[in-house]
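Participant: Single-letter residue listing:
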Amino acid sequence: MTKARHYLSIVLLHLRKELHLEWRSRDAITGMLFFTLLIAVVFSLAFDPTSNPTLARQISGGIAWIGLLFAATTSLNGSWAREQRNQVLDAHRLSPAPPSALFVGKALANFLFVTLVEVVLVPVFVLFYNIRPLGQASLLWLILPLGTWALVLNGTFFSALSLRSRNRDLLLPLILFPISIPALLAVVNGTTSVITGEFDPNLWIRLLAGFDIIFTVVALLLFGTVLHAE
Amino acid sequence: MGYSADSIRYLHIAYTIFITVQVAYVAWLAARWKRVTSAIATTRPPGA
Amino acid sequence: MKTLFTILAAVAVVLLGFGLYQAFLVAPTEATMGPVQRIFYWHVPLNIIGEITPYVNMLASIAYIFLRGRNQLAARRADALAVASAEVTVLFVGLGLIGGILWGRPAWGIWWAWDARTTSTLLLLLLYVSYLLLRRFSDGPGSRTIAAVLSIFAGVDVPIVFMSIRWWRTQHPAPVLTGDGEIDPVMKSAFAWNLLAFFIWGIVLIWARYATLRREQALAEREALQLIGVA
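One line per chain: the protein sequences are A, B and C, in this order.
Residue numbering for the first sequence follows the numbering used here, starting at 1020 and increasing by one per position.
Residue numbering for the second sequence follows the numbering used here, starting at 2 and increasing by one per position.
Residue numbering for the third sequence follows the numbering used here, starting at 5 and increasing by one per position.
Simulated from the structure, these hints should not be mistaken for laboratory data.
Bear in mind the structure is a predicted one, so any value in this text is a computation, not a measurement.
For each residue, glycine too, the CB sits at the ideal point set by N, CA and C.
Incorrect hints may appear among the rest.
As the list claims (entries may be wrong) - Covered stretches of chain C (chain A as the covering partner; in silico rule of three or more C-beta atoms under 8 Å from a C-beta of chain A):
{"#": "1", "segment": "121–127"}
{"#": "2", "segment": "204–213"}
Stated by the list, open to error - Pulled a few chain C residues facing chain A out of the computed Cβ check, cut under 10 Å:
{"#": "3", "residue": "101"}
{"#": "4", "residue": "105"}
{"#": "5", "residue": "146"}
{"#": "6", "residue": "149"}
{"#": "7", "residue": "154"}
For reference, chain A alone in the conformation it holds in the complex (with noise of 0.2 Å):
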């Protein structure tokens, strides 16, 4: 019991150590709230999303989420580039703190990162696209968390893959898209069948909820190796 107290504590460290730098800069957040409005902006550029109502149903969910894809993307590297500076990440790996901790820290701080972001896109689709969603809307306060969270779990822990290699910022998107394809279907369709209502989306849903839970086993064994890989 102390143990996992323990190892709450030093998550909760690492958390409040990201929300803190990331509070004096506040880059990340907007940057990736740019992003994605540009995202919103420029994809609307490529339909009428005002005559073309039905399909504006059927494909901002999917704007969305590749946005957010996008701007996440630009802005995990940066979490552990501010680690490298200063050797920092050479006194993680000598720290007794189990590495995991660290990586749960980090990935919960950009979990909030891009929830705060996703929090002032929702109204911004809505209206730049004149949705109105036809299906279960509460549904949302499901699908967002764990669509986020497959999204930023993946996302940091690939980001710390790529940290060693040369051009870091190029490889982190080529490996990130192919692994978290399944998620970003599971939510993109999640997110579609709200909006438009013409699927049920229990199944995408579930498929959510099994990608969040396997990978974040999978990322928590790992982890340590990652960060030790010399």
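Keeping the supplied structure of chain A fixed, place chains B and C upon it in accordance with the hints.
Facilitator: Chains B and C only, in chain A's frame:
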């Protein structure tokens, strides 16, 4: 038989690609093998 | 070992030739699809073997992570096997996809139908291309471990991909590959010969690539030792 000419043409294209790509892969492997073997011959073994 | 490899390679080449003969001259022409159906004799074995090799890659990667602190030699062997099997996966699945595209045009009328099988195979290809890219982009110490970690993620992802794409695409009428009609026994045996041929051919290719990689590892080791002046 009345099958479209396309049917036979695409069949031939497919097998041409199958065979060419695999032959190219084998050739690339052979070249790599040759290069590394000759490079090993010119470097001294550890401890020699 | 070398003679075994030579024998295996010879058997594979002969079997591939025999499989081609079976596919083109022995098997009857399929009634509805016409000659283009003969693409299947290589297309399907390529994909079947290409769906097994990812697991070779994942098991070798797990072995690498497990062995790297204990037994350097065995760990390097596992790593070479992982790369070799990932490369053969990309080769076979890529060729299988090209065959599928070329078959789809005359049979379905479109090059690419986004049906369940095609889509999940494409994603499988993307996963292993990304693995090879990671190996390319990162070198030096640690890159092997990192690639092994990605390989485990990819291996875990493969069944999820197949499942999710099937759910996604079952809402749409997907063209059925062979249907429930009876398959001519001659076709079946031609297909079985080709499957056997590609099984052995796959082993031969992985083996050859593995041996090359082992030599390259040995060369890198020698050069490193020379550099620090040990040798």
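Participant: All hints, please: hold or fail.
Facilitator: Now the hints, each set against the structure:
no., hint, result
1, 121–127, "violated (count 1)"
2, 204–213, "violated (count 0)"
3, 101, "15 Å, violated"
4, 105, "20 Å, violated"
5, 146, "4 Å, holds"
6, 149, "4 Å, holds"
7, 154, "6 Å, holds"
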